[in-house]
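**Q** Using the sequences and the hints, build the whole thing.
The chain contents come next:
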Amino acid sequence: MKLPKYPLASSEKLMTFEFISEGPRGLIHKLVRYQPTNLRGVYNLAFGDKDHETGEIDDTIISNNGDSEKVLATVVATVYAFTDKYPDAWIYAAGSTKSRTRLYRMGIAKYLVEVKEDFEILGERNDDWEVFRENMAYEGFLVKRKSKK
Amino acid sequence: MTIFIPLKRLKMKLIADIKKRKVPIVRVDESLNEYDDKILFPDKLEKANEMLRKVGLPKQWTVNGQMEISKTNKPSGASS
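Protein chains in written order, with numbering that gives the first Met the number 0: chain A, 0 to 148; chain B, 0 to 79.
For the record, the hints were derived by calculation from the structure and aren't laboratory data.
As the structure is a prediction and not an experimental result, all values here were calculated from the model.
One thing to keep in mind: the hints can contain errors.
[Stated by the list, open to error] Negatives, chain A to chain B, calculated, CB over 12 Å:
id : residue
1  : Glu17
2  : Ser20
3  : Pro23
4  : Ile27
5  : Ala45
6  : Asn64
7  : Asp66
8  : Ser98
9  : Met135
[Said to hold, decoys possible] Just so you have them, the derived chain A footprint on chain B, three or more residues with Cβ under 8 Å:
id : segment
10 : 25-38
11 : 43-55
The beta carbon of each residue, even a glycine, is placed where N, CA and C say it ideally should be.
**A** Here you go:
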């Protein structure tokens, strides 16, 4: 995606990423974490604000720093980085609240054409998976990098 | 024939190329390693596990609709 993104730092295994959001509310440290689930090769994408003093992470806070598109583009960049290292990984993502899940859906829909070039994207609906469609209310999303040709 | 490119133009081109990359250039910060072994957002992870138990993975993309249950929860299939 050729959108503005924040510079990224990561752990050595590229399982944890950090970036700093800049806006009217100042500098907010954000953490993106790919957590192994009970299924081998499937990772849960979790994302929240990091308290720079304590290191605690909060995934329910709404920071409203006026840069949601840049933050989203940066999170997508971490998906590229993670799946570059773990090309067979499945990534599951759902918001901590319904409104956040809806935000993720809107973000995916906005960049769907670009993202579909590189990823298979599924939406979770009625306890089943379907190919992501715009304007559908999904409970979660599953993403897998397409094989390089 | 030697072609000289002004350094400033070369830097601008390099920055432009970096911005176009889909896979970002990431700085490794060893202080983040500690988070790799922590379970952050345990409720969210439990919810994800519950969903995967109930729904599983897309059948057309898994072998017989099954995926291996992770014993170690360690990342697999790292490319490098």
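**Q** Name the hints, by number, that the structure is in violation of.
**A** 1, 5
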